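Engineer: Sequence:
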Amino acid sequence: MTITHLVTHSGGFHADEVLSSVILTRLFPKAELVRTRDKAWITPSADRIIYDVGGDFDAAAQIFDHHQRPNPLREDGQPYSSFGLIWAQYGRDYLRAMDVPEKDVEAIHDSFDRGFVLPVDLVDNGAVNTSEAGPLFSGMTLPVLLESLKTVFDDREEGADDRAFMAALPVARAFVEAQIKRKAAKFRAETMVMTAIEAAGEGRVLELPMGMPFRACVEKAGADHLLFVIHPRDEDWALTTIRVGDDTFDNRADLPATWAGLTDAELETASGVTGAKFCHNGRFIAVAASREAILKMTEIAVTEALAE
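With the numbering used here as the guide, the letters of the sequence shown map in order to residues 1 to 308.
To be clear, the hints were calculated from the coordinates, so they are not data collected in a lab.
Just so you know, these numbers come straight off a predicted model, no measurement behind them.
Heads up, the beta-carbon is just placed ideally off N, CA and C, and yes, glycines get one too.
One should not assume that every hint holds.
What the hints assert, rightly or not - Using C-beta positions, here's what the derived DEER-type ranges look like:
(1) 191 <-> 261: 33 to 39 Å
(2) 155 <-> 187: 40 to 46 Å
(3) 210 <-> 246: 19 to 25 Å
(4) 147 <-> 304: 48 to 54 Å
(5) 153 <-> 47: 34 to 40 Å
(6) 36 <-> 224: 55 to 61 Å
(7) 11 <-> 243: 43 to 49 Å
(8) 2 <-> 224: 53 to 59 Å
(9) 43 <-> 135: 42 to 48 Å
(10) 291 <-> 182: 24 to 30 Å
(11) 185 <-> 131: 30 to 36 Å
(12) 182 <-> 282: 23 to 29 Å
(13) 131 <-> 282: 31 to 37 Å
What the hints assert, rightly or not - Pairs of lysine-lysine, DSBU-like flavour, derived with a Cα cap of 30 Å:
(14) 181 <-> 220
(15) 39 <-> 103
(16) 103 <-> 186
(17) 220 <-> 186
(18) 150 <-> 30
(19) 30 <-> 183
(20) 30 <-> 181
(21) 220 <-> 296
(22) 150 <-> 186
(23) 150 <-> 181
(24) 150 <-> 39
(25) 30 <-> 103
(26) 220 <-> 103
(27) 183 <-> 103
Starting from the given sequences, assemble the full structure and let the hints guide the process.
Structural biologist: Set out below in structure tokens:
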């Protein structure tokens, strides 16, 4: 039977049912979203999906609540919120609806679950507190930001809660879709980077067809010999370093100290390369007018790095 209604609870809202709604409204765009606690609505039926309300979890019956006891748990014992339950059931179909290639669906599903869904689940269940992000950032976590879109305590105008929920929905959708698109892009980039690593052979420089995420793929390939990356960038070419890890700004090799902070004629003089345009003071990126010029700069950078 066709899904005609998506049913969640009325009143104030949390991030989990808003984010669940993002997934379900994408998959069932013609279904009406109903916010209610009416017993008739929160009773399972083949034409509806019920979530974050109803006191039961039964995927076959299309009801996804997590407030009952015993509450639904992941295999590792961590608690689900309605978002986690909906993602587990419908996440793969959502990714397909987002045009994620079938070969990447499972990996992206799991990655999004670990990095995006699970934190929402844990915060919603009180298993972690947003204050653990530190006093400066606790108010900037996604669950807190989404819930800040709720009505204020003394706004009792009829329909205010529902209007706030519907206003929060596109905000939540933007975050979910951006995360999925970024993860899908990383998988596309991996294919291109692996091809470029193979083409580089034992060389010290990785040439990419455009700017893209590359470091994780370089590590995955065990390409420890690579020191720098070059790629076209709009009207010019860029030369960048390769960081040694996610949590550091240290590089496998830095660009020459004599280039730091220089531009145009000064950089051409310091490097001896016609067409050299810019080198960041931090020595992690340089720009040249052409591929020929960036290759000359790269050769100098590699020679200096190997001499150290």
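Engineer: Confirm or reject each hint.
Structural biologist: Evaluation of the provided hints:
| no. | hint | in the structure |
| --- | --- | --- |
| 1 | 191 <-> 261: 33 to 39 Å | holds (36 Å) |
| 2 | 155 <-> 187: 40 to 46 Å | holds (44 Å) |
| 3 | 210 <-> 246: 19 to 25 Å | holds (22 Å) |
| 4 | 147 <-> 304: 48 to 54 Å | holds (52 Å) |
| 5 | 153 <-> 47: 34 to 40 Å | holds (36 Å) |
| 6 | 36 <-> 224: 55 to 61 Å | holds (59 Å) |
| 7 | 11 <-> 243: 43 to 49 Å | holds (47 Å) |
| 8 | 2 <-> 224: 53 to 59 Å | holds (55 Å) |
| 9 | 43 <-> 135: 42 to 48 Å | holds (44 Å) |
| 10 | 291 <-> 182: 24 to 30 Å | holds (28 Å) |
| 11 | 185 <-> 131: 30 to 36 Å | holds (33 Å) |
| 12 | 182 <-> 282: 23 to 29 Å | holds (25 Å) |
| 13 | 131 <-> 282: 31 to 37 Å | holds (33 Å) |
| 14 | 181 <-> 220 | holds (21 Å) |
| 15 | 39 <-> 103 | violated (42 Å) |
| 16 | 103 <-> 186 | holds (13 Å) |
| 17 | 220 <-> 186 | holds (13 Å) |
| 18 | 150 <-> 30 | holds (25 Å) |
| 19 | 30 <-> 183 | holds (27 Å) |
| 20 | 30 <-> 181 | holds (24 Å) |
| 21 | 220 <-> 296 | holds (28 Å) |
| 22 | 150 <-> 186 | violated (34 Å) |
| 23 | 150 <-> 181 | holds (27 Å) |
| 24 | 150 <-> 39 | holds (24 Å) |
| 25 | 30 <-> 103 | holds (28 Å) |
| 26 | 220 <-> 103 | holds (18 Å) |
| 27 | 183 <-> 103 | holds (13 Å) |
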